[in-house]
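K.L.:
Residues per chain, in single letters:
Protein chains: 2
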Amino acid sequence: MKSDIPETCLQRLPIYLNYLKTLPRDGYISSGAIARALNLGEVLVRKDLAYTSAQGRTRVGYNIKELYAALESYLGCNDKKTAVIFGAGGLGSALLSYGGFKNYGIEISAAFDNDINKIGTYIGGKPVYSVQEAAEIIKKLNAKLAVVCVPAAAAQSVADLLVSCGVPAILNFAPLQLNAPQSVTVRNIDVAANLAILSSMI
Amino acid sequence: MKSDIPETCLQRLPIYLNYLKTLPRDGYISSGAIARALNLGEVLVRKDLAYTSAQGRTRVGYNIKELYAALESYLGCNDKKTAVIFGAGGLGSALLSYGGFKNYGIEISAAFDNDINKIGTYIGGKPVYSVQEAAEIIKKLNAKLAVVCVPAAAAQSVADLLVSCGVPAILNFAPLQLNAPQSVTVRNIDVAANLAILSSMI
Numbered sequence: 149m150k151s152d153i154p155e156t157c158l159q160r161l162p163i164y165l166n167y168l169k170t171l172p173r174d175g176y177i178s179s180g181a182i183a184r185a186l187n188l189g190e191v192l193v194r195k196d197l198a199y200t201s202a203q204g205r206t207r208v209g210y211n212i213k214e215l216y217a218a219l220e221s222y223l224g225c226n227d228k229k230t231a232v233i234f235g236a237g238g239l240g241s242a243l244l245s246y247g248g249f250k251n252y253g254i255e256i257s258a259a260f261d262n263d264i265n266k267i268g269t270y271i272g273g274k275p276v277y278s279v280q281e282a283a284e285i286i287k288k289l290n291a292k293l294a295v296v297c298v299p300a301a302a303a304q305s306v307a308d309l310l311v312s313c314g315v316p317a318i319l320n321f322a323p324l325q326l327n328a329p330q331s332v333t334v335r336n337i338d339v340a341a342n343l344a345i346l347s348s349m350i
Numbered sequence: 149m150k151s152d153i154p155e156t157c158l159q160r161l162p163i164y165l166n167y168l169k170t171l172p173r174d175g176y177i178s179s180g181a182i183a184r185a186l187n188l189g190e191v192l193v194r195k196d197l198a199y200t201s202a203q204g205r206t207r208v209g210y211n212i213k214e215l216y217a218a219l220e221s222y223l224g225c226n227d228k229k230t231a232v233i234f235g236a237g238g239l240g241s242a243l244l245s246y247g248g249f250k251n252y253g254i255e256i257s258a259a260f261d262n263d264i265n266k267i268g269t270y271i272g273g274k275p276v277y278s279v280q281e282a283a284e285i286i287k288k289l290n291a292k293l294a295v296v297c298v299p300a301a302a303a304q305s306v307a308d309l310l311v312s313c314g315v316p317a318i319l320n321f322a323p324l325q326l327n328a329p330q331s332v333t334v335r336n337i338d339v340a341a342n343l344a345i346l347s348s349m350i
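One line per chain: the protein sequences are A and B, in this order.
Just so we're aligned: the first sequence equals residues 149 to 350 in my numbering.
Just so we're aligned: the second sequence equals residues 149 to 350 in my numbering.
Because the hints were derived from the structure by calculation, they are not lab data.
Errors might be hidden in some of the hints.
Stated by the list, open to error - Pulled a few chain B residues facing chain A out of the computed Cβ check, cut under 8 Å:
no. : residue
1   : Pro162
2   : Gly224
3   : Leu239
4   : Tyr246
5   : Gly248
6   : Ile254
7   : Pro316
8   : Ala317
9   : Thr333
10  : Met349
Don't be surprised by glycine CBs; every beta carbon is placed ideally from N, CA and C.
Please take these sequences and the hints and turn them into a complete structure.
P.N.:
Set out below in structure tokens:
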């Protein structure tokens with residue numbers, strides 16, 4: 149676990165990576181230029197990038213190719229990781245069909261649902277299994293990441309199941325706080341709350 | 149604009165609200181009990197809730213009904229707000245069908261897409277219009293919120309359109325930083341990056 153990096157810094161690393169993708173891969177870029185492009189402070193940019201293996205050079209900046217590789221390495225983009233999705237409804241189906249995970253070395257390998265009309269089908273080319281099969285399939289796939297896209301009322305029981313399967317990391321879209329032991333890392337994305345927060349900021 | 153509240157506090161207010169939803173509405177709850185339930189510090193909880201109009205009482209705690217109302221009021225849940233979605237693909241369609249926005253007083257009223265097979269249809273009961281009609285419809289709806297669910301390559305042009313329409317708040321799911329004037333508030337949700345961050349934390 150990268151416990152030395154504050155989570156707020158870690159959250160910015162994909163932003164740098166996405167920005168670098170828009171640049172030609174040869175040449176150099178200064179922390180100031182990155183800061184201006186992303187509307188961040190230059191000192192903050194230097195501090196963030198110092199967590200990676202990239203070395204900025206005085207008056208020259210970062211070698212773009214090296215910085216790109218350092219960010220990819222830090223974020224584990226080159227390690228293969230298997231994830232599963234619980235809930236093959238609208239959001240779950242959208243994520244099953246989304247190609248962007250592979251940029252981070254993440255393969256969504258299976259989904260689980262209770263709907264007998266979905267079990268046994270493929271969504272985005274990925275098999276949908278019954279929730280009853282989850283423990284076995286998760287073990288077989290050696291999945292360490294799970295995405296929870298079930299309704300709020302079902303989310304805690306899915307979380308309990310994931311904990312019992314030894315899945316150490318959960319991305320939760322259901323609008324509630326999941327109870328999980330400290331050994332399990334949970335991140336929440338509450339889309340409606342994000343829109344409400346945005347609205348209260350204007 | 150609620151400029152007095154740090155964004156990290158603001159982000160926690162929906163978490164308190166969701167937690168209170170699981171409790172009986174009559175009675176009292178202490179900041180300590182909230183802190184334990186949500187795995188947060190008690191001082192932090194008290195500081196966060198002090199931004200709302202809720203008044204905690206020594207040795208009694210918060211009246212749950214009053215705290216609920218104070219959080220709802222602070223987050224504008226009782227104000228009606230109109231939002232539109234750009235991109236009626238998998239994610240856009242899932243959000244058009246999602247019922248959770250109304251808890252925050254947000255109505256998703258229309259979607260815009262370039263696909264002639266989608267234009268003129270309804271998804272989740274919401275009309276899908278051509279992007280060419282967006283300026284007119286946004287004005288008619290008086291929409292102040294927009295959700296960007298288009299591919300990364302199209303997202304900046306959608307943002308430019310939204311800025312030209314005077315939309316002050318954008319929730320962006322495309323994996324890039326949008327350029328927008330300071331008067332426009334942009335929040336980003338990069339699902340793949342969130343999963344990568346989670347993965348790098350285990």
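K.L.:
Now tell me, hint by hint, if it's right for this structure.
P.N.:
Hint-by-hint comparison with the structure:
| no. | hint | result |
| --- | --- | --- |
| 1 | Pro162 | 3 Å, holds |
| 2 | Gly224 | 5 Å, holds |
| 3 | Leu239 | 4 Å, holds |
| 4 | Tyr246 | 7 Å, holds |
| 5 | Gly248 | 4 Å, holds |
| 6 | Ile254 | 6 Å, holds |
| 7 | Pro316 | 5 Å, holds |
| 8 | Ala317 | 5 Å, holds |
| 9 | Thr333 | 5 Å, holds |
| 10 | Met349 | 5 Å, holds |
The structure is consistent with each of the numbered hints, conforming to all of them.
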